[in-house]
Amino acid sequence: MLDIIFGNPSLLALAALVGIAIVFGALLGFAADRFEVEGNPLSDQINAILPQTQCGQCGYPGCRPYAEAITDGDSINKCPPGGEDTIQALANLLDVEPEPLDVEHGVEAEPTVAYIREDECIGCTKCIQACPVDAILGASKLMHTVIIDECTGCDLCVEPCPVDCIDMITREGGIQDWYWPLPDGQNRKSLITTDRGAEQAAA
Amino acid sequence: MLGDFAVLLIAAVLVNNFVLVQFLGLCPFMGVSNKLDTAIGMSAATTFVLTLASVCSFLIYRYLLEPLDLIYLRTMSFILVIAVVVQFTEIVVRKTSPLLHRVLGVYLPLITTNCAVLGVALLNINQAHNFMESLVYGLGAALGFSLVIVLFAAMRERLVVADVPEPFQGAAIGMITAGLASLAFMGFAGLV
Numbered sequence: 047m048l049d050i051i052f053g054n055p056s057l058l059a060l061a062a063l064v065g066i067a068i069v070f071g072a073l074l075g076f077a078a079d080r081f082e083v084e085g086n087p088l089s090d091q092i093n094a095i096l097p098q099t100q101c102g103q104c105g106y107p108g109c110r111p112y113a114e115a116i117t118d119g120d121s122i123n124k125c126p127p128g129g130e131d132t133i134q135a136l137a138n139l140l141d142v143e144p145e146p147l148d149v150e151h152g153v154e155a156e157p158t159v160a161y162i163r164e165d166e167c168i169g170c171t172k173c174i175q176a177c178p179v180d181a182i183l184g185a186s187k188l189m190h191t192v193i194i195d196e197c198t199g200c201d202l203c204v205e206p207c208p209v210d211c212i213d214m215i216t217r218e219g220g221i222q223d224w225y226w227p228l229p230d231g232q233n234r235k236s237l238i239t240t241d242r243g244a245e246q247a248a249a
Numbered sequence: 091m092l093g094d095f096a097v098l099l100i101a102a103v104l105v106n107n108f109v110l111v112q113f114l115g116l117c118p119f120m121g122v123s124n125k126l127d128t129a130i131g132m133s134a135a136t137t138f139v140l141t142l143a144s145v146c147s148f149l150i151y152r153y154l155l156e157p158l159d160l161i162y163l164r165t166m167s168f169i170l171v172i173a174v175v176v177q178f179t180e181i182v183v184r185k186t187s188p189l190l191h192r193v194l195g196v197y198l199p200l201i202t203t204n205c206a207v208l209g210v211a212l213l214n215i216n217q218a219h220n221f222m223e224s225l226v227y228g229l230g231a232a233l234g235f236s237l238v239i240v241l242f243a244a245m246r247e248r249l250v251v252a253d254v255p256e257p258f259q260g261a262a263i264g265m266i267t268a269g270l271a272s273l274a275f276m277g278f279a280g281l282v
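Going line by line, the protein sequences match chains A and B.
Just remember that the numbering used here sits 46 ahead of the position in the first sequence, which is counted from 1.
Just remember that the numbering used here sits 90 ahead of the position in the second sequence, which is counted from 1.
Simulated from the structure, these hints should not be mistaken for lab results.
Certain hints may be false.
If you anchor each label on the Cβ, the simulated ranges turn out as follows [to be verified]:
no. : chain 1 : residue 1 : chain 2 : residue 2 : range
1   : B       : Ala-134   : A       : Val-83    : 17 to 25 Å
2   : A       : Asp-49    : B       : Asn-124   : 56 to 64 Å
3   : B       : Phe-258   : A       : Gly-119   : 27 to 35 Å
4   : A       : Ile-68    : B       : Lys-125   : 37 to 45 Å
5   : A       : Pro-111   : B       : Lys-125   : 28 to 36 Å
6   : A       : Asp-141   : B       : Phe-258   : 25 to 33 Å
7   : A       : Asp-90    : B       : Thr-267   : 39 to 47 Å
Covered stretches of chain B (chain A as the covering partner; in silico rule of three or more C-beta atoms under 8 Å from a C-beta of chain A) [as the list claims (entries may be wrong)]:
no. : stretch
8   : 146 to 156
9   : 166 to 179
We put the CB at the ideal spot given by N, CA and C, even for glycine.
Turn these sequences into a full structure, and let the hints guide you.
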């Protein structure tokens with residue numbers, strides 16, 4: 047077999063090319079397997095930036111569908127809960143110009159959280175079904191309550207409530223929102239010990 | 091020895107610049123030089139592919155085609171090598187840097203048909219380069235391509251807003267600019 051191939055130049059040429067092709071094919075096959083990409087990594091990255099309120103204000107059923115739509119070229123300014131920060135982060139990731147929030151899809155609101163007035167709640171579970179992130183706890187004919195840490199403030203539960211016992215209240219700032227209060231103008235002088243000494247001396 | 095490589099590198103980048111002196115790889119040169127960002131992406135991808143393809147082609151030629159006395163198959167097998175290197179690069183880039191993959195997009199497969207890549211592989215054989223010389227020559231060709239395409243993209247970004255007479259607008263002024271740039275690069279002829 048080998049003798050025939052090596053004895054015949056055209057067969058040898060054929061064998062060499064086929065050999066090269068097989069080796070390269072195996073290499074590519076290995077690479078495709080080794081560096082396999084699950085899903086679309088870009089839409090994963092976009093999804094991580096979106097606020098995960100699953101509110102649907104962008105016109106898509108949730109954050110992941112919107113992330114996939116952005117990957118396919120939709121505009122990045124359709125997310126009111128994320129607001130300016132999200133648009134900026136998306137613009138950085140995708141290397142495009144940031145645009146102002148599209149008012150058609152809503153305006154950026156302060157972070158809110160749902161609050162159920164518990165003595166008025168009749169236990170109808172309608173708000174539980176509406177909640178996209180399962181942040182409402184409760185059972186049929188029993189009082190419901192909101193898990194504040196889970197609530198994204200999307201206000202989808204307000205509409206279905208038959209007794210209107212759900213309020214959207216401004217989220218209390220956590221430790222991230224706390225800032226050092228500026229000293230008030232009147233006492234500013236007495237902050238520095240030597241100034242205080244001068245004041246006392248003057249007095 | 092190191093000096094020889096430096097001379098070879100400078101010769102490939104400036105004196106025998108592949109685009110403006112040897113007129114290879116003109117298609118991406120005219121096609122992808124509208125924006126500076128895409129030009130930089132294209133030159134990065136080309137640099138990587140050209141260097142790797144140059145070396146791989148040399149290895150295939152020296153250790154497979156020459157011993158088997160199949161030198162006449164070199165063009166065919168080099169095309170195969172280049173296609174595989176481009177494919178491999180695309181697979182790796184898609185995994186490691188989705189953003190770069192998005193930026194390079196269609197340009198990466200376009201490198202397959204960039205005749206500068208095949209040109210370097212064939213010139214390596216013609217000029218009887220050894221392994222290191224092939225590497226340096228491929229790198230030099232790629233750097234020359236990158237230099238020229240980035241310079242040209244920067245010029246074209248200004249040409250867009252320039253007051254060009256109507257018959258010369260668009261591709262025409264691009265061609266004229268490329269011709270002038272080519273003339274300028276002829277000035278390097280006596281350098282090495």
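Q) Which earlier hints turn out false for this structure, listed by number in ascending order? A) none
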